[in-house]
Amino acid sequence: MSTPLRRAVKLLPIVALPLAEIYVITLVGGAIGAGETFLLILAGIAVGSLVIRYEGRRVLNRLRALGERAQREGQSDPAVIAAQGKEATKAAADAGVVILGGVLLIIPGFISDALGLLCVLPFTRPLVRRLIGTVVAAKVASSTRLSGMTRQARIHRPDGKIIQGEVIDPDPRRDDEPPPPPRPLP
Numbered sequence: 313m314s315t316p317l318r319r320a321v322k323l324l325p326i327v328a329l330p331l332a333e334i335y336v337i338t339l340v341g342g343a344i345g346a347g348e349t350f351l352l353i354l355a356g357i358a359v360g361s362l363v364i365r366y367e368g369r370r371v372l373n374r375l376r377a378l379g380e381r382a383q384r385e386g387q388s389d390p391a392v393i394a395a396q397g398k399e400a401t402k403a404a405a406d407a408g409v410v411i412l413g414g415v416l417l418i419i420p421g422f423i424s425d426a427l428g429l430l431c432v433l434p435f436t437r438p439l440v441r442r443l444i445g446t447v448v449a450a451k452v453a454s455s456t457r458l459s460g461m462t463r464q465a466r467i468h469r470p471d472g473k474i475i476q477g478e479v480i481d482p483d484p485r486r487d488d489e490p491p492p493p494p495r496p497l498p
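Following our numbering, the numbering of the sequence shown begins with 313 at its first residue and continues without gaps.
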């Protein structure tokens, strides 16, 4: 796909969602009236604000309790430390999904409210968390940052054979770091 077309495809949801929200708000307003529609939108904003406030406190308390428990127990067993890390990661991921749901609830509109409710409800949250995790993992895997750690190489042997392979840079440097000084020859 060409670059301008790729940009247009990425911008499509940003343009389409507000248009779809306006269309749905118009439909709901025509069905129940403008005043009731406005009150429903305000209710969504209020619920989203409460969700963010409540979840922010809850996740901080949960992560603090996990940290205190780990400190109190003073575990040195790697399996226990890994289990505690997984529990903390799951707690943080759940909090992120719920806060995303709260933000979606704050955004005026019924489509964003429906998506926000999917993030907030306890029985749909694990599905949303897995979906987001899968999307993020795919993005990270295809990232140019990670692909810069490997490069294709060909080795020409004296007998004429060519060995193709991949060189993995054990110490990839960031783009903003200066190159390392050259090493003197032995």
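Some clues are possibly wrong.
[Claimed, not checked] Ranges of calculated distance between the beta carbons of each label pair, as one might list FRET restraints:
| # | residue 1 | residue 2 | range |
| --- | --- | --- | --- |
| 1 | Ala-449 | Ala-382 | 21 to 29 Å |
| 2 | Val-327 | Leu-433 | 26 to 34 Å |
| 3 | Ala-453 | Arg-319 | 29 to 37 Å |
| 4 | Ala-400 | Leu-433 | 44 to 52 Å |
| 5 | Ala-355 | Glu-399 | 47 to 55 Å |
| 6 | Ala-400 | Ala-453 | 17 to 25 Å |
| 7 | Thr-436 | Gly-397 | 20 to 28 Å |
| 8 | Val-327 | Thr-436 | 22 to 30 Å |
| 9 | Ala-453 | Ala-320 | 22 to 30 Å |
| 10 | Leu-324 | Glu-348 | 16 to 24 Å |
If you are wondering where the hints come from, they were derived from the structure by calculation, not from laboratory data.
The beta carbon of each residue, even a glycine, is placed where N, CA and C say it ideally should be.
Results for each hint:
Taking the beta carbon of each, Ala-449 and Ala-382 are about 26 Å apart, inside 21 to 29 Å as hinted. Remark: the range hint 26 to 34 Å for Val-327 to Leu-433 is upheld by a beta-carbon distance near 28 Å. Distance hint check: the CB atoms of Ala-453 and Arg-319 are about 22 Å apart, inconsistent with the given range 29 to 37 Å. Remark: the range hint 44 to 52 Å for Ala-400 to Leu-433 is contradicted by a beta-carbon distance near 23 Å.
Under the hint 47 to 55 Å, the C-beta atoms of Ala-355 and Glu-399, about 34 Å apart, miss the expected range. Distance hint check: the CB atoms of Ala-400 and Ala-453 are about 24 Å apart, consistent with the given range 17 to 25 Å. About 25 Å separates the C-beta atoms of Thr-436 and Gly-397, a value consistent with the hinted range of 20 to 28 Å. The beta-carbon spacing between Val-327 and Thr-436, approximately 27 Å, falls within the hinted interval of 22 to 30 Å.
Checked against the given bound of 22 to 30 Å, the beta carbons of Ala-453 and Ala-320, roughly 24 Å apart, stay inside it. Distance hint for Leu-324 and Glu-348: a CB-CB separation of about 32 Å, inconsistent with the stated range 16 to 24 Å.
In terms of the numbered hints stated before, the structure departs from hints 3, 4, 5, 10, listed from lowest to highest.
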